[in-house]
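**Student:** Following the hints, position chain B against chain A.
There are 2 protein chains.
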Amino acid sequence: MSARVLVVDDILPNVKLLEAKLTSEYYDVLTATNGKEALEKVAAQSPDLVLLDVMMPGMDGFEVCTKIKQNPALAHIPVVMVTALTDAEDKVRGLESGADDFLSKPINDTALMARVRSLVRLKMALDEWRVRENTANQLGVVEKQSNVMMESADNARVLVVEDKNFEQRKIEETLQRDQDIVTITENGAKTMELVAAQEFDVLIVSLNLAGEDGLRLCSHLKSNERTRSIPIVMIGGEEDMPRIAHGLEIGAHDYILRPVDRNELLARVRTQVRRKRFQERLRSTYEISLSMALTDSLTGLYNRRYLEVHLEKLLSKNQESKKSLAVLLIDIDHFKHVNDKYGHAVGDEVLKIFSQRLLGNLRSFDLVARLGGEEFAVILPDVSEQRAWMVGERLRTSISDVPFVVTGHPEGISITTSIGAALIDHNQHTKHEVLERADKCLYEAKKGGRNAVVFEGKGKLNPDDFKEAQRQFIS
Amino acid sequence: MSARVLVVDDILPNVKLLEAKLTSEYYDVLTATNGKEALEKVAAQSPDLVLLDVMMPGMDGFEVCTKIKQNPALAHIPVVMVTALTDAEDKVRGLESGADDFLSKPINDTALMARVRSLVRLKMALDEWRVRENTANQLGVVEKQSNVMMESADNARVLVVEDKNFEQRKIEETLQRDQDIVTITENGAKTMELVAAQEFDVLIVSLNLAGEDGLRLCSHLKSNERTRSIPIVMIGGEEDMPRIAHGLEIGAHDYILRPVDRNELLARVRTQVRRKRFQERLRSTYEISLSMALTDSLTGLYNRRYLEVHLEKLLSKNQESKKSLAVLLIDIDHFKHVNDKYGHAVGDEVLKIFSQRLLGNLRSFDLVARLGGEEFAVILPDVSEQRAWMVGERLRTSISDVPFVVTGHPEGISITTSIGAALIDHNQHTKHEVLERADKCLYEAKKGGRNAVVFEGKGKLNPDDFKEAQRQFIS
Numbered sequence: 090m091s092a093r094v095l096v097v098d099d100i101l102p103n104v105k106l107l108e109a110k111l112t113s114e115y116y117d118v119l120t121a122t123n124g125k126e127a128l129e130k131v132a133a134q135s136p137d138l139v140l141l142d143v144m145m146p147g148m149d150g151f152e153v154c155t156k157i158k159q160n161p162a163l164a165h166i167p168v169v170m171v172t173a174l175t176d177a178e179d180k181v182r183g184l185e186s187g188a189d190d191f192l193s194k195p196i197n198d199t200a201l202m203a204r205v206r207s208l209v210r211l212k213m214a215l216d217e218w219r220v221r222e223n224t225a226n227q228l229g230v231v232e233k234q235s236n237v238m239m240e241s242a243d244n245a246r247v248l249v250v251e252d253k254n255f256e257q258r259k260i261e262e263t264l265q266r267d268q269d270i271v272t273i274t275e276n277g278a279k280t281m282e283l284v285a286a287q288e289f290d291v292l293i294v295s296l297n298l299a300g301e302d303g304l305r306l307c308s309h310l311k312s313n314e315r316t317r318s319i320p321i322v323m324i325g326g327e328e329d330m331p332r333i334a335h336g337l338e339i340g341a342h343d344y345i346l347r348p349v350d351r352n353e354l355l356a357r358v359r360t361q362v363r364r365k366r367f368q369e370r371l372r373s374t375y376e377i378s379l380s381m382a383l384t385d386s387l388t389g390l391y392n393r394r395y396l397e398v399h400l401e402k403l404l405s406k407n408q409e410s411k412k413s414l415a416v417l418l419i420d421i422d423h424f425k426h427v428n429d430k431y432g433h434a435v436g437d438e439v440l441k442i443f444s445q446r447l448l449g450n451l452r453s454f455d456l457v458a459r460l461g462g463e464e465f466a467v468i469l470p471d472v473s474e475q476r477a478w479m480v481g482e483r484l485r486t487s488i489s490d491v492p493f494v495v496t497g498h499p500e501g502i503s504i505t506t507s508i509g510a511a512l513i514d515h516n517q518h519t520k521h522e523v524l525e526r527a528d529k530c531l532y533e534a535k536k537g538g539r540n541a542v543v544f545e546g547k548g549k550l551n552p553d554d555f556k557e558a559q560r561q562f563i564s
Numbered sequence: 090m091s092a093r094v095l096v097v098d099d100i101l102p103n104v105k106l107l108e109a110k111l112t113s114e115y116y117d118v119l120t121a122t123n124g125k126e127a128l129e130k131v132a133a134q135s136p137d138l139v140l141l142d143v144m145m146p147g148m149d150g151f152e153v154c155t156k157i158k159q160n161p162a163l164a165h166i167p168v169v170m171v172t173a174l175t176d177a178e179d180k181v182r183g184l185e186s187g188a189d190d191f192l193s194k195p196i197n198d199t200a201l202m203a204r205v206r207s208l209v210r211l212k213m214a215l216d217e218w219r220v221r222e223n224t225a226n227q228l229g230v231v232e233k234q235s236n237v238m239m240e241s242a243d244n245a246r247v248l249v250v251e252d253k254n255f256e257q258r259k260i261e262e263t264l265q266r267d268q269d270i271v272t273i274t275e276n277g278a279k280t281m282e283l284v285a286a287q288e289f290d291v292l293i294v295s296l297n298l299a300g301e302d303g304l305r306l307c308s309h310l311k312s313n314e315r316t317r318s319i320p321i322v323m324i325g326g327e328e329d330m331p332r333i334a335h336g337l338e339i340g341a342h343d344y345i346l347r348p349v350d351r352n353e354l355l356a357r358v359r360t361q362v363r364r365k366r367f368q369e370r371l372r373s374t375y376e377i378s379l380s381m382a383l384t385d386s387l388t389g390l391y392n393r394r395y396l397e398v399h400l401e402k403l404l405s406k407n408q409e410s411k412k413s414l415a416v417l418l419i420d421i422d423h424f425k426h427v428n429d430k431y432g433h434a435v436g437d438e439v440l441k442i443f444s445q446r447l448l449g450n451l452r453s454f455d456l457v458a459r460l461g462g463e464e465f466a467v468i469l470p471d472v473s474e475q476r477a478w479m480v481g482e483r484l485r486t487s488i489s490d491v492p493f494v495v496t497g498h499p500e501g502i503s504i505t506t507s508i509g510a511a512l513i514d515h516n517q518h519t520k521h522e523v524l525e526r527a528d529k530c531l532y533e534a535k536k537g538g539r540n541a542v543v544f545e546g547k548g549k550l551n552p553d554d555f556k557e558a559q560r561q562f563i564s
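Listed in order, the protein sequences are those of chains A and B.
So for the first sequence, my numbering puts the first residue at 90; every next one is plus one.
So for the second sequence, my numbering puts the first residue at 90; every next one is plus one.
In isolation and in its complexed conformation, chain A is listed as follows:
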């Protein structure tokens, strides 16, 4: 995939060299020759990747990188530090300032292109999600804009695929400094078993396993929908560079060269864990916004929209299965009076307790929704008339028999409810028709003095009849 790359170096021939290499591979190249110009171009032209020289007069590369990564609007842009330094300490300093990778001068073309392609691909996958999160943010679904650098990298679950004892111990000891949970395995078969059974935040794969090709394992992991999104960090020697480049093509996220520097390992693992957690959070924002579309924020019950969609599905299921379902419309008696007398805060508490009592007296596959205000609906799929009757009566008494304990009223306040119910047979019915039928019964229950269940065609239920019915039903 083509992309816009910003090349930053204070030495013009270096800029020109990188520009030529990238242009010949059909990247769009921007350039800057100092830190200030780099920051301006990052902000104004939103490149897909920044290749950033470390040693520059004035603002150096570390400072530029830190400024990019601390800005929530820019932090998602990958930064590769380009440096003559091979000192591991500088590498770690760069990674901790948020750089996504390091390239050493003189730049190896294979490594450069593999890196650029891989980071651009990762960025584009994240971009889709970031755009969505911005929308969710503007609409108030999520509280504030997130940023990959804000993610915690602690307590990561790391799976290490390495068959050399010495290397295993070194990696394990290093990662445990971050309280990471480290699992070690020696081959691909065991790895596939482990990833099928457990969740991991990052995989570290040796490219020098004795009996098999580590790249093949990476390819299996990336071909499997379940494991595709787990980041892979490859470990190999300098002589493995062509295979490492291939691994990045396949979809591995990063690599580290032997001998493994402990701090570099920690820094690279942290970067991957942060990125994965960031991506997971962006995804969950979507799930949250979906569930918000279908639930009532005060009580957590489904809302009217959900009820209507699912009532239609349940009605057509009912037609197929030749069974019956019951629709109950439930209204809290004199709820306006509760609000007026005790205030809205207490009114809200009553609605919450009321919802919990409904839920507590129903089966897991019964559907409960708050239609708005003090009105609720319950759908009982696959029930007999007898059973629907019993459930209605049980719901009524669960409300009336125990006072509602609310703030400022430890003695509890007395609440009752009226219920209208209709049994719907397996013929064709519209959702409006069945809700209307239950509503007529609810009206009867209200008119007849409240705190009552009215069943269609039966009139107001007599609690004594109910006890008799229950006795017969159980016997």
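Keep in mind that a hint or two might mislead.
Copies of one chain are not kept apart here, so a pair can be met inside one copy or by any two copies together.
Unchecked claim - With a Cα cut of at most 30 angstroms, we get these calculated DSSO-like pairs of lysine-lysine:
#, residue 1, residue 2
1, Lys430, Lys529
2, Lys110, Lys279
3, Lys430, Lys547
4, Lys105, Lys156
5, Lys402, Lys441
For the record, the hints were derived by calculation from the structure and aren't laboratory data.
Quick caveat: nothing in here was measured; it's all calculated off a predicted structure.
**Tutor:** Only chain B this time, still in chain A's reference frame:
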């Protein structure tokens, strides 16, 4: 990116050859030697790509492809037909049965790998969205599972970048058979102007432009966030194959070889347009589910959740700007009586008309929400007490002065409303506090006989005072 590829051919050596080529590039390979086995493996193992031989005994490749593409659960899997046939008619038949591309035997390795990589990349981008649409579907946000083959490919907006007159005319005439809207341009600079100003569904780019490199243009288009998602079909000669392969790497979606076959052109353009429209619809599903989380389904007004999130934002803005805002709580008088007397359907009509009248009497940046049942809230940012008072009174009379014309009551029914209002200064306030203050006034308005506005600290407004205030305000 690695992926799982299913190779289907009735001749075992052909299968083995493709398997070896793909395995050496670290793809996970599945194989099948007849149509039935192929369909079973597609369903059971969900590959990321199918390479499908056309000529097989029993069920041929066309039939297998049609069966995959007609199954909503499988249609997203890209299919490449592999064939000895070079007859354009067969190509078109394959593309019309839903195949994403054709490869001719003997298979050119460059073309094979470029194709596989490009189609796998497209699939993975779509997969993210498909998974989310499934969630939205299960929750009832969208009605039914969608399918790329169900998208219309008609009336596509096509931009053709070609500088040869003869080719321009041929492409234009061909596409106009599908009622496509065709724009023709001759160079990259004009192309960039056009895509900045207009929307296109697909771009057709010649790789044989006289004065410039068509691939460079593709790269610009793919580096630009605005144009990145528009599919590109390259046109070139047999001798351009290496550049075409590079173009697919860059992100172009498809290509067609000269001399351009009219039916093949139509079929390939249709495929791209369908895919783009499918992707756009998957995205809009997300936007819809977000807006569902924030609006009331009956009236289209914002819901309580949105009001609460934004009231908080408006309160802190108010503190900064040192201005005042007004909160109005609005309740329809005796609404239960409307429902009982006229039925719920008429009650819903009243709620809708009521909402429209509120909206019609407010500024575009005022916030109106339905809190539930017959209760509404209005926030007026940046207002004086005088102005808030006028708005409240205007809302009251807009309801009471004109009867509500509803089904079965052409003469209209009389509706009134009670309004409680509070002016919130620039000191610190919580949303609960300000809603409570307005609610107390609403209670006063109800107690005082309804059809009234009560302003905090002022008591019930006298319409005559209002007229006087309005006179003073205007003068």
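**Student:** A separate judgement is required for each hint: does it hold in the structure or not?
**Tutor:** Cross-check of the supplied hints:
no.: 1; hint: Lys430 to Lys529; verdict: both (29 angstroms within a copy, 12 angstroms between copies)
no.: 2; hint: Lys110 to Lys279; verdict: between (42 angstroms within a copy, 27 angstroms between copies)
no.: 3; hint: Lys430 to Lys547; verdict: between (35 angstroms within a copy, 23 angstroms between copies)
no.: 4; hint: Lys105 to Lys156; verdict: within (25 angstroms within a copy, 53 angstroms between copies)
no.: 5; hint: Lys402 to Lys441; verdict: both (27 angstroms within a copy, 26 angstroms between copies)
Violation of the numbered hints given earlier is absent; every hint is satisfied by the structure.
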